[in-house]
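Number of protein chains: 4
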Amino acid sequence: MGKDDRLQHLGDAFGTNPFDDDHLHEECGVFGVFGHSEAAALTALGLHALQHRGQEAAGIVSFDGAHFVTERHIGLVGDNFSKPAVIERLAGNRAIGHTRYSTTGAPVLRNVQPLFAEFAGGGFAVAHNGNLTNARTLQRSLQQRGSIFQSTSDTETIIHLIATSNRGQLIDRFVDAMRQIEGAYAIVALSEKKMVGCRDPLGVRPLVLGKLDDAHVLASETCALDIIGASFVRDIDPGELVVITEDGIESIRPFQAARPRFCIFEYVYFARPDSIVEGRNIYDVRKRIGAELALESPAPADLVIPVPDSGTPAALGFAQAANLPFELGIIRNHYVGRTFIQPTDAIRHMGVKLKHNANRAMLEGKRVVLVDDSIVRGTTSKKIVEMVRDAGATEVHMRIASPPTTNSCFYGVDTPEKSKLIASHMSIEEINAFIKADSLAFLSIDGLYRAVGEPGRNGTTPQFCDACFTGDYPTRLTDQQDIETTRQLNLLAEAV
Amino acid sequence: MGKDDRLQHLGDAFGTNPFDDDHLHEECGVFGVFGHSEAAALTALGLHALQHRGQEAAGIVSFDGAHFVTERHIGLVGDNFSKPAVIERLAGNRAIGHTRYSTTGAPVLRNVQPLFAEFAGGGFAVAHNGNLTNARTLQRSLQQRGSIFQSTSDTETIIHLIATSNRGQLIDRFVDAMRQIEGAYAIVALSEKKMVGCRDPLGVRPLVLGKLDDAHVLASETCALDIIGASFVRDIDPGELVVITEDGIESIRPFQAARPRFCIFEYVYFARPDSIVEGRNIYDVRKRIGAELALESPAPADLVIPVPDSGTPAALGFAQAANLPFELGIIRNHYVGRTFIQPTDAIRHMGVKLKHNANRAMLEGKRVVLVDDSIVRGTTSKKIVEMVRDAGATEVHMRIASPPTTNSCFYGVDTPEKSKLIASHMSIEEINAFIKADSLAFLSIDGLYRAVGEPGRNGTTPQFCDACFTGDYPTRLTDQQDIETTRQLNLLAEAV
Amino acid sequence: MGKDDRLQHLGDAFGTNPFDDDHLHEECGVFGVFGHSEAAALTALGLHALQHRGQEAAGIVSFDGAHFVTERHIGLVGDNFSKPAVIERLAGNRAIGHTRYSTTGAPVLRNVQPLFAEFAGGGFAVAHNGNLTNARTLQRSLQQRGSIFQSTSDTETIIHLIATSNRGQLIDRFVDAMRQIEGAYAIVALSEKKMVGCRDPLGVRPLVLGKLDDAHVLASETCALDIIGASFVRDIDPGELVVITEDGIESIRPFQAARPRFCIFEYVYFARPDSIVEGRNIYDVRKRIGAELALESPAPADLVIPVPDSGTPAALGFAQAANLPFELGIIRNHYVGRTFIQPTDAIRHMGVKLKHNANRAMLEGKRVVLVDDSIVRGTTSKKIVEMVRDAGATEVHMRIASPPTTNSCFYGVDTPEKSKLIASHMSIEEINAFIKADSLAFLSIDGLYRAVGEPGRNGTTPQFCDACFTGDYPTRLTDQQDIETTRQLNLLAEAV
Amino acid sequence: MGKDDRLQHLGDAFGTNPFDDDHLHEECGVFGVFGHSEAAALTALGLHALQHRGQEAAGIVSFDGAHFVTERHIGLVGDNFSKPAVIERLAGNRAIGHTRYSTTGAPVLRNVQPLFAEFAGGGFAVAHNGNLTNARTLQRSLQQRGSIFQSTSDTETIIHLIATSNRGQLIDRFVDAMRQIEGAYAIVALSEKKMVGCRDPLGVRPLVLGKLDDAHVLASETCALDIIGASFVRDIDPGELVVITEDGIESIRPFQAARPRFCIFEYVYFARPDSIVEGRNIYDVRKRIGAELALESPAPADLVIPVPDSGTPAALGFAQAANLPFELGIIRNHYVGRTFIQPTDAIRHMGVKLKHNANRAMLEGKRVVLVDDSIVRGTTSKKIVEMVRDAGATEVHMRIASPPTTNSCFYGVDTPEKSKLIASHMSIEEINAFIKADSLAFLSIDGLYRAVGEPGRNGTTPQFCDACFTGDYPTRLTDQQDIETTRQLNLLAEAV
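Protein chains in written order, with the working numbering: chain A, 1 to 496; chain B, 1 to 496; chain C, 1 to 496; chain D, 1 to 496.
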């Protein structure tokens, strides 16, 4: 998709696209198993548990002792990796996988990861969650040197850096490549003899280590360990590179030590409630977020209603802290896929809610607190407030379980341009007027830090990456400096 | 699928099929619009809202003033009726639609409704929710007479009865056919000039009437009115036949009056929480079911945990009545489709939970009440109890929001044979031993009636069809009398 | 496809459709085997050999002793019946098959034969080559009686006639049905115990009997016996019905004897050159046609050039009789499928020849006799004459190996309406002016009869059906009498 | 496909594969248009005319002034490039295309040409007919340098050589790459501003230049000029590189002059009869081959019968020279695709002829000369001789329109390994015994040279590449020297 189409699309989304669910979207989940006879089946299960991190496409690469085998498919893991024939083709006791979110447009198979390349020294497969902030700059200089790119994916940039490194051994070449890249990344890679896991020096994106019998497992979140019955060993550290071979696991720390900056939005929305990330249970953090919100911004109401499903834990926390009944006042239709009726103009003007319906019997005559996790463009909030009011609610107090989202993410999260973020150019009062609630409150940034167990945000050296709320980006944004666009590179992967 | 395959399949399901979610399944949803320029688009939206009543396939028939147009597709409504081209083909200001649940095997397009036939007097399309209990007997006599069936679907039986009726006018022929059939049915049909809605004399299956501007709407549930912004007019009465033309709506009551016997399981599980059925809000009934359950069978516990999503309203009601905290202790993965990894034997033995994961951080060291809506075969309950215990719960008290399911349904619900229903041959104590809970309780049948607002079950003339709990079938089961199988006819539609 | 679309299509074809190959097209081939363990594989091979009689779709029905199994696919036999899995599904030692030509529009699976119906007495499959001339009339009266049609196919009419017959045994019912139908038909049918073959009383369409080991074989042409190594036993006689069971073969002649009227166009174009039909080898007849043509209408030329492939045998016969060199002056591209570039207007005006190219080196400076089998609309002839002239031929003498085609066929051949047949409204001189040849001659009707071995056409009781050349239809055209359209019924099968 | 599978496949083919048509196969056709508003449509037509050079897949790349657009599809040109939408996507007034033959196994889209790469200086697309004999060696050294290959296609090697050249301008880089490669190639390439055509220094593969209005056209054969009405300008010379821009056409000759060695097998079998290649009409050469054969090896016979279609021109030439009747004694079924019934063992033993059938009526009691173009493995000849004899021929004299094929081709033709070539290890007498003919004769190598207009083969500096007949390879075979396999590189492109 060219840039113009993208803008057009964003324009649509801002207005009337019935599938605008107005959330930021994680772009990927990664997974790997080394040393288990069912490696591919376990990887498929792990990717299924990580499906919330990316629904567009998925891929698995296995190594059977002689050949690498690749299966990459557009669509859900369950739809494409369910047939015994597929799993049987992915022979071998080691495999890595990737599940991908794509922002828009027709997905293209050549962008589906893991990417694979045949180096002079043998095959190499890479799965990557995150985004490099200097990929375009690196790509330009690699092309000058004669490297031929199949895509503009930043993951392919990593592969070319390894291929053209003048170091000798694979791991040295890998480290050489890592030292040239900037940005956020959690990488799982596979060569004939080794599985590699690596987090960027700030540890922006998550990556955990697990064990299943004698096999080592790498995964974006612990829920992917749970599904296969693997035990959780530990988080991979920021800046750590683990090398798993038949002889065991080795840890390398090739980067200068840095204060970690884990993505705080993983707690707000991305990660699955049952995952434990950097020592904290997601569901528990979200409930505490709700409780902080109830303390900071109480509301005179009869009921607390979540915008399902993402607002549910915070709403429960709010209700318990405020001592108000928690009720399912909005019912979500889970059969909504990625596309639906391109409504005719007539239908469009009806403002159809394909995903949510008010549970009228519960709302009639009630003052309600409505809890959602975040507001991106504001369009969905506006529709939902209207829907709840039409169903008979007498007052609607909107409470948002995060601070206002004011800045784009360049670390692997699909964010609209800054100008499309309603909080980047409207005050809370203005947003409240736009969504037509009786009152609106966001959680404070310090409240958010308290919910994750910190005394508050450390303004000098913040404990997390919270750039989407503060604009405080923890790495250089090299590509951004010499191009006009504020979109990140790998979102342009489809461009001709 | 032949009978042997079916038995084989049930055997699989009983054992290890990871998709056995151990629920009865509604077989269909129906919808119709007469007199709106966007008839097909509205029908697609209505079917989308009724998707929980059948996910296998969907179809729409419209009439454009000269021709009937049919679109029938395997798969979800959103996946097949989302393209403008499809909606445009379905021209005209009247349309009916159907969404279908199929029990097993490869779905076959010729069984997807609405069925359409060209009569001597013109075209006629029929969409049917329910099941006839004398269809096979009628079919046999129609075949003797020379009628050729394309399927063994009971809906096709209705069409042949109309075609071969010796009455003159279409509505007379339709009534003639209705008088010959036994069983449960909510029918929406379309001829060139008329849309017809009809419920069986006992009103086992639901059907509601709505209005959108000047258009009349028929739908299985009110949630399908909500999505298009139609207002709810009233339930179609048991035994009522409404005929909608350009001149308005006419009501016919061709059957002898009978005490209604609405399906009580619609309240327990089938209908959507936001629907209002026979004057009661489903969510509200389910919460009251939970409260009755808490009164009848309290448990010494720290938390109330639903088996999501169907156990959630009852768990909330239970928690509120018992004054215990309600928590999301089990997280559901909504990306589970109808098929997934046919696991290798090794994987199978791991007892993978594709759909549910325990939220370990919430369960560790806690005594929990686990609330689910029903138990059919018991296999899922057993796995979930084990999963919750593995996550650290010290006690697991299972509470079921309905009485034991002891009998098959012959009224359009996919039920296993009686022998596969765990409660048909095990006592509650035995079931408890099988699922390995610390305690197990079902709601009493009178408790269920109280939850829907009755003083209790009237043993002489019960207020509902509750045959699945009591074996008290409100109609004759003609086909059952002369065949061995205990499966209902239209589940054999695939048989050669 | 509605009638208007059809007319539109014909308009296109008349003008510029690059795939207009300007031939009449046979509509079907039929085949059956009874008593061979490889019945389905043999049927697939037989249909492959009959592929020239219909390329749109093919189907096979087998009976495995307990169930009928059906496979019907759009596309070529080789593309759809090549996988072992398909052949394995078609279990049993008896099978019948059908290959179908469709005139235009998107093919629809429900029209693909063999058709199958479950009668009160058991299953019955029918494959039919030909066309009934009273099918629409019969269908109307069957519908009055309550029969429901899935299509307007005349084959379905036959099935309903059997189903509603008041006779007892299947063969009696079959005969009862045959006695009610008019038109041309070669039918192969299969019940649980019997395979039936039947030709209409005039024997318009061919059907032969073969033997392979102990198995009986029925096929439209002998080339389908050759491919499986079966020996040719005899032609089924006009009006004969053979019933094949495990006990052997029985012959019934339920019709009043009539003078046969085999379709003479089978010799001109339809049948394969290597087939032997009604005692005559097709290739040999075509060569003799060419020789007759050389005698009747010699031309002063240097070379004889066929329009490949159908004009080749006649051109060889012409060249030998005229003692002129036979050369391949036009090369045919066999990779032309049923569709190709819908050219842009610019391309369209280039008059692209997708199927034929002049072999310039052979034509330059030569006077050529160009031999084609027939002229239907004249458009292709016009283009080919122009192409040959552009390649440098100094004179082009067109010789047509049949009389002028002046009338539509109603016996299972796809013919344009009479008004589209160039010879129906233009004299030979006018046609010559239209195609811009130096001279044009058609074979005389008596010349054609001489080529097949007759002394000439018997004007009182003609030896063949030659209605397309003479308008002398050998049966009643009941449907034509009360409807305006001049199209045959089963060509309207797609109409909504 | 791995090497073992390949060997297995060859084994099958040697034995019983019913689709073994026992010919060498050309691997590609190339085409390009520069300066015509219908560039993509013309390219599709040109590729359609070149379909005989490769049926597996086809691709077109166009440049619309801003972007390169690519369409690559498995299957025939007509099946994939027939929709207006496809042609419209391929916007621009310049386009190149490629049609590809693949030897075996499932075709893979990433191997379909034209290949496209984004260089530092802009996009570049390449379509290649031929094979490089040092591609594997070059690839290895490119990989050492860090180049990442997507395939093992030799065409990709060319692209990497251009990308990594240290020359400045594109044409200089292209020449730099050409100077490093060995083997046979006819290349058509497209950059933003230029279309390039290039033949290897020996001119082994054909490439012609044409003109259509102001547009320049490049094509493998003249038949692709004919279909679009372009005029033939001249052959591109061996070792010539033409650069076509908006300013016109420029010719570069970057190689040392060498005596041309055009592939003589193009005359025997590959090229289309209506093409004019290197000044000679193919059909005319083939007829002269037949005449030479009649002079060298006459036979006492009643008829001359071609093995259609490839043996037809030589058979005509033989018949005219021998003054014997030419007859179609074998009928070819053109509906044979690339796959057909994997026959069961029982069917396999029947020796089914899917492609050819004897025209029994013509052969009975006759002594026949059977003319085919070549014998590769001998299996098809054996079957055809048997078939002709079974049809009643009393004597079968096999005449082959080329010398014995004794050596593999490494210049872009799919040849079995040398050991599979029957003539590599059997004398003519032994082959005759194997195919069971009454007599067998091949054309002499000098006879073949005479047929193309030479006085005979010049043993010191042969006028053609005739390595398949003589083993005299005109280039170095670098890759062959250090690897065991005798298969050429790009046939291994599918290997994992």
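Calculated directly from the structure, the hints in this document are not laboratory data. Careful: at least some of the hints might be erroneous.
Which copy is meant is left open, because identical chains are indistinguishable; a pair holds if it fits in one copy or across any two.
Unchecked claim - In silico lysine to aspartate or glutamate, EDC-like type, Cα no more than 20 Å apart, as pairs: (1) K211 <-> D390; (2) K436 <-> D247; (3) K420 <-> E296; (4) K436 <-> E118; (5) K366 <-> D284; (6) K83 <-> D345; (7) K366 <-> D247; (8) K194 <-> D214; (9) K418 <-> E118; (10) K418 <-> E454; (11) K366 <-> D64; (12) K83 <-> E56; (13) K193 <-> D446; (14) K194 <-> D472; (15) K194 <-> D302; (16) K436 <-> D79; (17) K418 <-> E278; (18) K193 <-> E250; (19) K420 <-> D172; (20) K382 <-> D64; (21) K366 <-> D345; (22) K383 <-> E430.
Keep in mind the model is a prediction, meaning the values are calculated, not measured.
Quick rundown of the hints versus the structure:
| no. | hint | verdict |
| --- | --- | --- |
| 1 | K211 <-> D390 | between (52 Å within a copy, 17 Å between copies) |
| 2 | K436 <-> D247 | neither (62 Å within a copy, 41 Å between copies) |
| 3 | K420 <-> E296 | neither (27 Å within a copy, 54 Å between copies) |
| 4 | K436 <-> E118 | neither (57 Å within a copy, 50 Å between copies) |
| 5 | K366 <-> D284 | between (28 Å within a copy, 15 Å between copies) |
| 6 | K83 <-> D345 | between (41 Å within a copy, 14 Å between copies) |
| 7 | K366 <-> D247 | neither (64 Å within a copy, 40 Å between copies) |
| 8 | K194 <-> D214 | within (15 Å within a copy, 59 Å between copies) |
| 9 | K418 <-> E118 | neither (39 Å within a copy, 30 Å between copies) |
| 10 | K418 <-> E454 | neither (28 Å within a copy, 57 Å between copies) |
| 11 | K366 <-> D64 | neither (62 Å within a copy, 44 Å between copies) |
| 12 | K83 <-> E56 | both (19 Å within a copy, 19 Å between copies) |
| 13 | K193 <-> D446 | neither (46 Å within a copy, 58 Å between copies) |
| 14 | K194 <-> D472 | neither (37 Å within a copy, 47 Å between copies) |
| 15 | K194 <-> D302 | neither (58 Å within a copy, 47 Å between copies) |
| 16 | K436 <-> D79 | neither (41 Å within a copy, 33 Å between copies) |
| 17 | K418 <-> E278 | neither (29 Å within a copy, 49 Å between copies) |
| 18 | K193 <-> E250 | within (13 Å within a copy, 53 Å between copies) |
| 19 | K420 <-> D172 | neither (42 Å within a copy, 47 Å between copies) |
| 20 | K382 <-> D64 | neither (53 Å within a copy, 37 Å between copies) |
| 21 | K366 <-> D345 | neither (33 Å within a copy, 54 Å between copies) |
| 22 | K383 <-> E430 | within (16 Å within a copy, 50 Å between copies) |
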